[in-house]
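Asker: What follows is each chain in one-letter form.
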Amino acid sequence: MTSISRIVAAGLTVAVVTGAAFAASHLDPIVAAGITARQSHMKLYQHNIAVLGAMAQGNIDYDADAAAAAAGNLAALSTLNQSTYWPLGSDSASVEGTRALPAIWENGDDVMAKAAALAEAAAALNAVAGSGLAEMQAALGPVGQACGACHQTYRKRDDG
Amino acid sequence: MLKRLRQLNRLILAGLVLAALGLWLTRPQPLAPDALDGLAGDPLAGAAVFAAAGCASCHMAPGVVRGDDPVLAGGRRFASPFGTFIAPNISSDPEAGIGGWSDIDLASAIMRGVSPTGEHLYPAFPYNAYLLAEMQDVANLIAYLRSLPADATPSQPHEVGFPFNIRLALGGWKLLFGTRGWTLDGALGPQERRGRYLVEALGHCAECHTPRNRLGGLERGLWLAGAPNPAGEGRIPNITPGGLDWSEAQIVAYLQTGFTPDFDSAGGEMVDVIANMRRLPEQDLAAIAAYLKLVPPVVTAAAEPSAGN
Chain A
8 MTSISRIVAA GLTVAVVTGA AFAASHLDPI VAAGITARQS HMKLYQHNIA VLGAMAQGNI
68 DYDADAAAAA AGNLAALSTL NQSTYWPLGS DSASVEGTRA LPAIWENGDD VMAKAAALAE
128 AAAALNAVAG SGLAEMQAAL GPVGQACGAC HQTYRKRDDG
Chain B
4 MLKRLRQLNR LILAGLVLAA LGLWLTRPQP LAPDALDGLA GDPLAGAAVF AAAGCASCHM
64 APGVVRGDDP VLAGGRRFAS PFGTFIAPNI SSDPEAGIGG WSDIDLASAI MRGVSPTGEH
124 LYPAFPYNAY LLAEMQDVAN LIAYLRSLPA DATPSQPHEV GFPFNIRLAL GGWKLLFGTR
184 GWTLDGALGP QERRGRYLVE ALGHCAECHT PRNRLGGLER GLWLAGAPNP AGEGRIPNIT
244 PGGLDWSEAQ IVAYLQTGFT PDFDSAGGEM VDVIANMRRL PEQDLAAIAA YLKLVPPVVT
304 AAAEPSAGN
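Order-wise, the sequence lines are chains A and B. Sequential numbering from 8 applies to the first sequence in the working numbering. Sequential numbering from 4 applies to the second sequence in the working numbering.
There could be a bad hint or two in this list.
With a straight-line Cα cutoff of 25 Å, these simulated DMTMM-like cross-link-like pairs (lysine to aspartate or glutamate) come out [unchecked claim]:
no., chain 1, residue 1, chain 2, residue 2
1, A, K50, B, D267
2, A, K121, B, E122
3, A, K50, B, D248
4, A, K121, B, D267
5, A, K50, B, D265
6, A, K50, A, D165
7, A, K121, B, D248
8, A, K121, B, E236
If the Cβ cut is set under 7 Å, some of the chain B residues that face chain A in the computed set are [claimed, not checked]:
no., residue
9, P233
10, T263
11, F266
12, G271
FYI, nobody ran anything at the bench for these hints, they're computed from the structure. Note that CB positions come from ideal geometry on N, CA and C, so glycine has one too.
Could you put the whole structure together from the sequences, leaning on the hints where they help?
Answerer: In structure tokens:
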């Protein structure tokens, strides 16, 4: 190895090592914002499903207006464009603080199909949520299954 | 010199006797040929056994969502410290599946882990739980399996390296770690007994929720106390009362809908489990919940608060 190439190699090594260290300690702001956005979005699903679920399980009385409002929110949430929520490099193998598995970015078509299935189930729930407890209960099941279909493959197991 | 030879002979003889004894003790032991005699299988009742036993979760093709008549084409991969097991085709196809097996062949595979050719099966197949099943339930299950669609996809060989690829050794595993009876013993009421049957026998919950020793035997002293995920990251949760503080009604709701008490949704393997569980009558789910409340509580270190998506 010539001395010049040795210097170049050393320089590259330093660059790579410091780059990796930088990546580990400073989250890219776009990545951080995407993770915050999608986790907030999931919280909103959870909040509205909790209203319907509490009625479905008999923990609170069925209220047609409240049920219709929550189902309307779910339907709206499920159709929002999330493209900026999922920047490259924001998967659980690249950064801390997320359970979004890299498979999401490898199987874009399947993820979109599952998102469409959720939107469909949420629209069906929205159509009946205000019409009665039994109708709402029956339509909530497929929404839960749509949540699970995605979490089955694309959400990292937690440490529980 | 002659004396030495005689000693050597005696040693060899003793070794052979020991080896023969070992082979005899660890031999594949199928059910008695008449074990199913007098039992007629009811496919309708078998559908409930099939759901409770979770057969579809492993034996459907990868990525397939559970429908009413699942195609059990096999092909799902199960990584473990011993290698990767690939679920076989158990559809009714006479060549690729179990269509050509007799009822007693099937029952011996399910309850004894012995193949129709008399080989030990790997305990990735939970015969170690199913051996506690009632013979009538197994007869019903077999009748139901025969009613499901055929699929010609060939089964793939397991990807298991030396020494775990020696099936003969599985007899030793069975001898050491085989289920001898109920883990939760004592005086139980009818609902709790039903729950125990569903959890310990058909549901084989302990296969994932109980930790294993280095040879893959269940640590029965830590029954359902949670375990590392054999396929990689994360843990399978502790579902003893020391780890799960949900009410019985909340456990039933989770098994029916996949929603936790705070309306997060189930993920991972539990999604397939719930696709089976919600097909069971509510009183069966209530029995499971009642049983889980009786399991000795094991307190594990509190998990880190989990990050969201």
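Asker: Please name the hints from earlier in the document that this structure breaks, with their numbers sorted from lowest to highest.
Answerer: 2, 7, 9 and 10
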